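*Asks:* For the record, the sequence lines run as chains X and L. Take 159 as the starting number for the first sequence in this note's numbering and just add one per residue. Take 159 as the starting number for the second sequence in this note's numbering and just add one per residue.
Any given hint could be a false lead.
Claimed, not checked - A few chain X residues that face chain L, going by a derived Cβ cut-off under 7 Å, partial list only:
{"hint": "1", "residue": "Pro162"}
{"hint": "2", "residue": "Tyr164"}
{"hint": "3", "residue": "Gly167"}
{"hint": "4", "residue": "Lys169"}
{"hint": "5", "residue": "Val205"}
{"hint": "6", "residue": "Trp209"}
{"hint": "7", "residue": "Thr318"}
{"hint": "8", "residue": "Ala323"}
{"hint": "9", "residue": "Asn347"}
{"hint": "10", "residue": "Ala376"}
{"hint": "11", "residue": "His377"}
{"hint": "12", "residue": "Ala378"}
{"hint": "13", "residue": "Gly384"}
{"hint": "14", "residue": "Ser385"}
{"hint": "15", "residue": "Ala388"}
As the list claims (entries may be wrong) - Label-pair ranges, simulated between beta-carbon atoms:
{"hint": "16", "chain 1": "L", "residue 1": "Gly328", "chain 2": "X", "residue 2": "Lys441", "range": "51 to 57 Å"}
{"hint": "17", "chain 1": "X", "residue 1": "Lys463", "chain 2": "L", "residue 2": "Gly361", "range": "28 to 34 Å"}
{"hint": "18", "chain 1": "L", "residue 1": "Glu421", "chain 2": "X", "residue 2": "Gly361", "range": "47 to 53 Å"}
{"hint": "19", "chain 1": "X", "residue 1": "Asp327", "chain 2": "L", "residue 2": "Pro219", "range": "29 to 35 Å"}
{"hint": "20", "chain 1": "X", "residue 1": "Ser300", "chain 2": "L", "residue 2": "His213", "range": "41 to 47 Å"}
{"hint": "21", "chain 1": "X", "residue 1": "Glu413", "chain 2": "L", "residue 2": "Glu301", "range": "36 to 42 Å"}
{"hint": "22", "chain 1": "L", "residue 1": "Glu456", "chain 2": "X", "residue 2": "Lys441", "range": "32 to 38 Å"}
{"hint": "23", "chain 1": "X", "residue 1": "Gly361", "chain 2": "L", "residue 2": "Glu299", "range": "41 to 47 Å"}
These aren't lab readings, by the way, just hints derived from the structure by calculation. Note that the structure is predicted; figures quoted are calculated from it, not measured. Glycine included, every Cβ here is placed at the ideal spot set by N, Cα and C.
Number of protein chains: 2
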Amino acid sequence: MAQPRYLTGDKAGIEEFIDKFDSFLFDCDGVYILAPNLTPARNILMVGVLWSGDHLFPKVPEVLEMLRSKGKQLVFVTNNSTKSRADYKKKFDKLGIPAEVNEVFGSSYSAAIYISRILSLPSPKNKVFVLGESGIEAELESENVPYVGGTDPSLRRDITPEDFAAIADGSMLDDDVGIVLSGLDFHVNYLKLAIAFAYLRRGAQFLATNTDSTLPMAHAFFPGAGSVGAPLVKSIGREALALGKPSQAMMDAIEGKFKVDREKTCMVGDRLNTDIQFGIEGKLGGTLMVCTGVNSKEDILGEGKPIVPAAYVDSLGDLMG
Amino acid sequence: MAQPRYLTGDKAGIEEFIDKFDSFLFDCDGVYILAPNLTPARNILMVGVLWSGDHLFPKVPEVLEMLRSKGKQLVFVTNNSTKSRADYKKKFDKLGIPAEVNEVFGSSYSAAIYISRILSLPSPKNKVFVLGESGIEAELESENVPYVGGTDPSLRRDITPEDFAAIADGSMLDDDVGIVLSGLDFHVNYLKLAIAFAYLRRGAQFLATNTDSTLPMAHAFFPGAGSVGAPLVKSIGREALALGKPSQAMMDAIEGKFKVDREKTCMVGDRLNTDIQFGIEGKLGGTLMVCTGVNSKEDILGEGKPIVPAAYVDSLGDLMG
């Protein structure tokens, strides 16, 4: 198997690599690693491609501007479903990452694109019951997809005996709901789960923004979107179609939205089994691993490594040469 | 393989069968079946061993009294974790089933017995974080097991940014919690799931009252205890030890509580893959299937049937001869 090309310090190699592509997809989801120098209760640190904790890696803005000056299309890919692209833009601004709203591609938007452009259920039976936050609602609205549930305050309460009866006889259900979309919902409750389950039993399509089991937050782990939606998976007895990484449904949605040429697209990420795998399975022209995340050079060099990127750098800033 | 003995109408056979046992365990969990004569929205009917819908099967009270008059010990076994034994006694009274509180054995009580008498963690590290309702709390109290969570009103609210920090740094956690017990919680929310997950990450034992995926109610299906606890299974990446049927941990707890002689105990149930299997795996002296539930004679007669009871009757009342 071909060994990945090491680009750090290789000015000519970097130029040749960059020239091969028109589009670069950047992973934006942080990964937590053990950081033993911190206190025991907070001994993990979020790392990734663009930032570590609250700090950008060196020369990240310069690399992004350099790629733009060469006419490259940039897409920032994230599995975070609670934030809309506009929310993400604000986060990027705060971190000092130069990015446009249209360059952000989150799993909620991926789901909205999938529902409106790929699934294309005939109206009015294309209504979505949302188990999730406002980020999902905003992205569905951007694609003119009708929905119920979500942040509806009338569902943020305990289930009552009357609810059980009204869900059972269907009087509480919307006949137009043909899709259940499950994401990260910090306001999940039994009432919403019971309603979503009833729609699934009626035959609604079962989608998920992403199925990450945990959510890294406050230097610890919390239940992720895949865990919040797990009651639906368990009760209906089948998995949802996931629209986030590493599902290729997300790659299809990116292609549908940006009209990228896969041959001329490079996935940039720090995790082999999600980001790099995502690019390889998507048959992209290239994959670039940055060694500022969980995986290291040892994971990709030598014989018999299962997932190997086309190239790697110690840090994204090394692309400045 | 020996064919099961058909006891309906066989007066001598019934007497001989009953004489073999000192104790009878009765399944109390209803099973829903399709009942096409009802309206489409409510086309399923709950059946079981003792009752169908809200009505007892014929001669059920007589059978129970007959067994008692012969000095048999009766145990009513249920996976329902939301009700305590006292709650169940009220339900039995309403249905007209003669039963004592001490004869009821629910999955919550099973869990309490398992924690106090079998797991026996050294105090004070035997405190339980409960994801569930008051039935679980009542049974833990009956075994003097300390607990937090459960119906605590301070946890029935949305998670806040401060909660994320306080769960992450441990200041919101109780250092004595060594067990997470997951059951059916109609007030499940993200805050409780996040706290339970944090305890599991710290190494707490992971128990479940039962892992039924659905709950039959109001002539329909709702998410069951196993579905409510599914976020914990997904996020921690391992299954809980289930204390309800068909887990043999429940049989161990029944044996520990009632000191039954398994050789002289008979499990009475309507479902082959839960009740009858539960009795066979528990190496009980006998199993009796009633044909008033989901399974029928065709499922047990002939060659190559995977699960076969020792005997069967059309209806429990047939034991009156």
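*Asks:* Run every hint past the structure and note whether it holds.
*Replies:* Status of each hint after checking the structure:
1. Pro162: Where the cut-off is 7 Å and the nearest Cβ of chain L is about 30 Å from X:Pro162, the hint is violated.
2. Tyr164: violated (34 Å)
3. Gly167: Violated: closest Cβ of chain L sits about 39 Å from X:Gly167, beyond 7 Å.
4. Lys169: For X:Lys169, the interface hint is violated, since the closest Cβ of chain L sits about 43 Å away, which is over 7 Å.
5. Val205: violated (17 Å)
6. Trp209: Violated: closest Cβ of chain L sits about 19 Å from X:Trp209, beyond 7 Å.
7. Thr318: For X:Thr318, the interface hint is violated, since the closest Cβ of chain L sits about 10 Å away, which is over 7 Å.
8. Ala323: It holds, given that the least Cβ distance between X:Ala323 and chain L is near 5 Å, below 7 Å.
9. Asn347: With a minimum Cβ separation of about 6 Å from chain L (threshold 7 Å), the hint on X:Asn347 holds.
10. Ala376: Holds - the Cβ of X:Ala376 comes within 7 Å of chain L, reaching about 4 Å at its closest.
11. His377: holds (6 Å)
12. Ala378: holds (4 Å)
13. Gly384: Check passed: Cβ of X:Gly384 comes within 6 Å of chain L, closer than 7 Å.
14. Ser385: Cβ of X:Ser385 sits 4 Å from chain L, so the hint holds.
15. Ala388: Holds - the Cβ of X:Ala388 comes within 7 Å of chain L, reaching about 4 Å at its closest.
16. L:Gly328 to X:Lys441: 51 to 57 Å: violated (46 Å)
17. X:Lys463 to L:Gly361: 28 to 34 Å: holds (33 Å)
18. L:Glu421 to X:Gly361: 47 to 53 Å: holds (49 Å)
19. X:Asp327 to L:Pro219: 29 to 35 Å: For X:Asp327 and L:Pro219 the Cβ distance comes to about 32 Å; the hint holds.
20. X:Ser300 to L:His213: 41 to 47 Å: violated (54 Å)
21. X:Glu413 to L:Glu301: 36 to 42 Å: violated (59 Å)
22. L:Glu456 to X:Lys441: 32 to 38 Å: violated (52 Å)
23. X:Gly361 to L:Glu299: 41 to 47 Å: Since X:Gly361 and L:Glu299 have Cβ atoms about 44 Å apart, the given range 41 to 47 Å holds.
Violated hints, listed in ascending order, are 1, 2, 3, 4, 5, 6, 7, 16, 20, 21, 22; each of the other numbered hints is respected by the structure.
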